[in-house]
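**Student:** Given next are the chains, with one letter for each unit.
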Amino acid sequence: MADVVFPFPFPEHLDLILPEIIMAVMGMVVLLMSVFISKSKQNIVAWTSIVTCVVVAATVLNVAGQDVTTTFYGYFELDAFAAYAKVLMLVATVFAMILSLNYIKDLANIGEYYTLMIFSVLGMMLMVSATNFVVMYLGLELMALSVYVLVAYERDVLRSTEAALKYFILGALSSGMLLYGISFLYGSTGSFMYTEMGPLIASSGEDARLAVLTGMLFVLAGLSFKVSVAPFHMWTPDAYEGAPTPVTAFMSVAPKVAGLVVFMRVLIDVLPGLQEEYTTLLIFLSVLSMAVGNLAAIAQRSIKRMLAYSTIGHVGFMLLGMIAGTSAGYAGILTYMTIYLFMTMGVFGIIIMMRRDDIQGELLDDFAGLSKVRPGYALAMACLMFSMAGIPFLGGFWAKYVVFIAVIEQGHIILATLGVLFSAIGAFYYIRIVKYMYFDEERVAFNFAKELPLQVTVVVSTLIIVAVGLYPEPIMEMCKSAVVGLL
Amino acid sequence: MELNNMLDFPILSLAIFLPTFGALIIWLFIKNDNAVRWAALLTSVATFIVTLPLIFMFDTSTADMQFEEFHPWIEAFNVNYHLGIDGISMPFIVLTGLLIIICIASAWKCIQTRVKEYMLSFLILETTLIGVFSALDVMLFYFFWEALLIPMYLMIGVWGGKNRIYATVKFFLYTLAGSVLMLVAVLAMYFEAGHTFSMLDLMDYPFNFQWQFWIFLAFFIAFAVKVPMWPVHTWLPDAHTEAPTAGSVILAGILLKMGAYGYLRFSLPMLPDASQYFAPMMIGLSLVAIVYISLVAMMQRDMKRLIAYSSIAHMGFVTLGTFVFTVQALEGAVLGMISHGFIAAALFLCVGVMYDRLHTREIGDYGGVVNQMPIFAAVMLFFSMANIALPGSSAFIGEIMVLLGTFAADPVHLSVSAKWIAIAATISVVLSACYTLWMYKRVIMGDVIKDTVRSMGEMSKREFALFVPLILLTLWVGFYPVPVLDLLHASAAHLVEQATTTKLDAAAALIEHSTALSAAAN
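In order, the protein sequences belong to chains A and B.
Heads up: the first sequence is residues 13 to 499, going by our numbering.
Heads up: the second sequence is residues 6 to 527, going by our numbering.
Do not rely on the hints blindly, as some may be mistaken.
What the hints assert, rightly or not - Some residues of chain B that are not near chain A, with every Cβ distance over 12 Å (derived):
1) 68
2) 77
3) 223
4) 386
As the list claims (entries may be wrong) - Here are the simulated EDC-like pairs of lysine to aspartate or glutamate, each with C-alpha atoms no more than 16 Å apart in a straight line:
5) B:167 - A:453
6) B:114 - B:38
7) A:117 - A:463
8) A:117 - A:174
9) B:466 - B:367
10) B:455 - B:370
11) A:53 - A:166
12) A:492 - B:80
13) B:167 - A:452
Read the hints as simulated data drawn from the structure, not as lab findings.
Note that the Cβ used here is the ideal one computed from N, Cα and C, for glycine as well.
Taking the hints into account, I'd like the entire structure generated from these sequences.
**Tutor:** Shown next as structure tokens:
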């Protein structure tokens with residue numbers, strides 16, 4: 013009997029992809045569990061998903077840091093950078109799942125909800141580990157398709173379906189742009205591998221220049237859509253507002269982390285030869301995002317829409333780290349995202365808690381007088397808002413600090429000045445929430461949800477933000493070591 | 006690193022964190038309003054007592070930093086928890102300790118809602134204020150400087166007057182917008198000076214003129230908003246008017262001094278050449294503040310607004326004294342700030358005493374108060390006179406020193422003759438008499454016309470007790486300022502020397518050196 017001949021040798025170091033394998037298996041297990049477990053015990057499904065994420069995060073930490081970082085013939089890479097991003101996304105997912113516990117209970121098919129979350133995280137994990145445009149694109153679509161469905165999860169609510177449809181159409185458009193750009197780059201280099209494309213693009217002659225630049229433009233535009241950078245941000249406020257609140261919390265952190273990590277990888281590995289060109293482009297995108305995010309947020313009356321614009325602004329600040337283009341800048345982005353994760357989860361925890369009967373605390377007015385009824389949560393919210401505004405002794409200050417110092421190191425002083433001025437303008441709408449909570453009288457009676465998971469989320473996030481504000485060194489060090497070897 | 010700390014005890018840290026510690030205890034364990042008041046008072050008194058050794062053990066013979074503490078904080082960016090004081094910062098720390106006690110005691114009766122939050126705001130404010138004045142690391146300074154906005158924002162917004170929200174948001178955004186520019190400047194300096202945030206290193210580093218020029222402008226905006234200097238002063242009357250009495254006291258007594266302190270700690274020693282270059286502009290703006298704002302003050306109908314404008318005018322004297330670069334004027338400026346801390350605080354307390362009775366700050370609603378409250382009228386007369394800088398009051402010493410120092414200033418640095426500057430500034434002495442005495446006449450003197458005034462009762466013992474330390478200090482410094490001047494002298498002289506020694510030669514030498522190095526490397 014002849015030996016079976018594989019066209020390729022069996023891939024080695026498969027343990028690097030173990031976290032993804034566990035995630036994929038558990039996604040299906042969770043789906044099946046929800047079918048077999050009676051309706052009253054569906055919480056088991058939720059907790060299984062949460063435990064899965066925790067276990068997978070632990071696995072990531074366990075298998076990362078080996079000498080060998082790639083598997084599947086170099087198509088998959090688990091370096092410190094990817095490992096950090098994965099842990100970050102998994103932590104965000106755990107938070108989002110905890111926020112979902114009671115929120116989603118009333119909706120049908122809990123199992124599908126958690127399965128979709130798990131699969132979207134799986135997609136993100138593939139994205140950040142991809143060393144190749146095809147793998148990256150597959151991960152991205154897995155993530156995006158799952159998130160579209162999650163946004164539409166309250167399918168009887170018009171707003172939710174409308175948001176999902178908008179998100180889907182614009183998302184599909186942006187995927188198209190991304191693919192279009194990739195095809196240009198492929199056409200000029202004949203490869204999909206980041207590291208092979210990089211030198212070829214850098215050394216491409218004048219005749220290929222137009223194709224390469226067009227490719228770069230479309231790839232960056234497609235990615236900008238995913239991380240909601242202005243002027244590609246149009247879908248963000250609608251999708252944020254329409255999605256169930258825990259999904260909003262989820263999609264304002266996890267996909268952003270994945271998108272930004274891919275963004276950084278593409279800049280570092282694929283486009284190092286075009287640094288001058290893409291820096292100009294990024295400066296434009298960054299300033300526009302800071303402006304749109306911080307100015308448009310002022311006009312919002314819904315807190316979820318306001319937070320959507322706030323995300324746009326924050327991503328604009330994060331782009332500063334890429335403009336710097338140094339390891340300090342990339343570490344700064346990771347630091348920013350880490351701190352942003354906890355701020356966002358804390359804020360959404362409070363918003364979900366404010367749900368009363370059918371109406372949830374969605375308008376800014378709903379916060380009026382909160383400090384008298386719920387002084388503890390008002391204090392937490394105030395801390396988180398001051399943190400978002402970047403006022404010290406709170407974590408958000410250091411988040412801005414790390415990206416500003418990185419960009420100033422590269423001599424972009426005017427850009428940094430614009431950035432701090434926009435952050436001062438942005439402070440207005442954050443402190444306006446504090447104004448509602450502390451200076452105004454209560455308008456509608458509060459019916460604050462007393463749910464332990466939410467309370468824990470809020471308290472833990474706030475404490476972390478305060479602790480990071482007082483002693484940011486550990487997080488900065490972690491992020492610094494995560495980008496070692498990246499450049 | 007050699008630390009200069011005679012006590013060998015982290016006394017500054019204790020002063021910084023004792024209020025926060027007290028605030029935590031109050032927040033977690035104390036429920037009853039009255040107990041909260043006593044606990045807050047106890048904490049503030051304890052903090053004040055902790056700051057006293059700073060005076061008594063202060064070495065007046067040196068301009069070096071004293072009571073230093075040093076711990077690495079964020080090693081990745083070389084940010085350190087570095088504290089230390091000299092003769093310029095020390096008085097403000099002690100003054101903060103004193104005024105916070107008065108603030109807490111003054112709120113005993115008039116704050117009845119959310120007493121706990123009120124006391125917590127003040128204690129946390131105290132932490133940030135002492136932190137600002139004792140930080141020797143720029144990032145640490147900025148950390149406290151910005152953190153201060155949070156308690157202040159809440160204080161004006163929660164316990165303020167009718168238009169409080171407008172006032173507090175304006176205050177917050179003005180000061181934030183100013184100070185973020187300082188952050189950019191500080192980060193730029195960090196790289197230029199070789200990765201250091203240490204104020205002492207930055208004072209020694211030879212920045213070339215280009216650098217000094219831009220950094221000076223960034224600092225200027227940050228500090229000018231805080232002082233406040235014309236034309237970015239407009240937040241102050243609003244904030245003062247709407248703030249609760251104690252908020253105005255601390256705002257006038259300490260917060261305004263932070264801006265001037267910034268000039269003394271950053272602009273003059275770190276950027277001497279730019280300071281010289283911009284001195285005419287700074288002096289011009291100071292004169293505008295002194296003369297124009299005094300005229301504006303005269304036309305106010307609201308007592309608190311009037312005193313707020315008067316504060317701006319008095320701070321004009323301080324910035325004038327800062328930018329003529331003579332030891333005498335500089336000492337006068339610092340002394341003037343200390344004295345203004347007593348007098349403006351006391352005047353706001355006076356308004357507070359009346360406001361607690363009639364709930365109006367309009368000058369027109371009073372008249373003939375002396376008939377109902379003779380003791381109060383005497384106290385207010387005392388501080389009105391002190392506000393005019395009558396000889397015998399602490400303000401007189403400060404202003405006369407600034408004027409004399411200005412007369413003696415070296416005209417090389419200035420575009421007009423120093424005499425004319427001094428003469429222009431002297432006008433304010435007349436103007437301050439006009440607005441202060443006119444207000445006093447309309448509020449206190451005359452017959453009682455309004456029925457509401459008839460209902461006003463004399464000050465309680467508690468209210469009177471608030472004024473006693475301020476009266477004594479105003480008189481003491483007014484009659485015998487030598488001990489205070491001794492504390493200042495070494496540091497002020499050193500500062501003037503720093504501010505008048507150009508860094509440009511060293512900067513040129515540095516550039517030459519580095520070009521030579523790179524040439525040698527090639």
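**Student:** Hints first: check each against the structure and report whether it holds.
**Tutor:** Here is what the structure says about each hint:
1. For residue 68 of chain B, the condition that its CB be more than 12 Å from all CB atoms of chain A holds, with the nearest at approximately 30 Å.
2. A beta-carbon of chain A comes within 12 Å of the beta-carbon of residue 77 of chain B; the shortest separation is about 9 Å.
3. At roughly 8 Å, the least C-beta separation between residue 223 of chain B and chain A is not larger than 12 Å, which violates its mark as non-interface.
4. Every beta carbon of chain A lies more than 12 Å from that of residue 386 of chain B, the smallest distance being close to 37 Å; the non-interface claim holds.
5. At most 16 Å may separate the alpha-carbon atoms for a hinted pair to count; residue 167 of chain B and residue 453 of chain A meet this at roughly 14 Å.
6. For the given pair, residue 114 of chain B sits about 11 Å from residue 38 of chain B by alpha-carbon distance, which is consistent with the 16 Å threshold.
7. At most 16 Å may separate the alpha-carbon atoms for a hinted pair to count; residue 117 of chain A and residue 463 of chain A meet this at roughly 13 Å.
8. Taken as a hint, the residue 117 of chain A and residue 174 of chain A pair is broken in the structure, with Cα atoms around 22 Å apart against an allowance of 16 Å.
9. With a C-alpha separation of about 25 Å, the suggested pairing of residue 466 of chain B with residue 367 of chain B is violated against the 16 Å cut-off.
10. This hinted pair checks out: residue 455 of chain B and residue 370 of chain B have alpha carbons roughly 7 Å apart, not beyond 16 Å.
11. Taking the CA atoms of residue 53 of chain A and residue 166 of chain A, the gap is near 21 Å; set against the 16 Å cutoff, the hint is violated.
12. Taking the CA atoms of residue 492 of chain A and residue 80 of chain B, the gap is about 12 Å. The hint holds against a cut of 16 Å.
13. This hinted pair checks out: residue 167 of chain B and residue 452 of chain A have alpha carbons roughly 12 Å apart, not beyond 16 Å.
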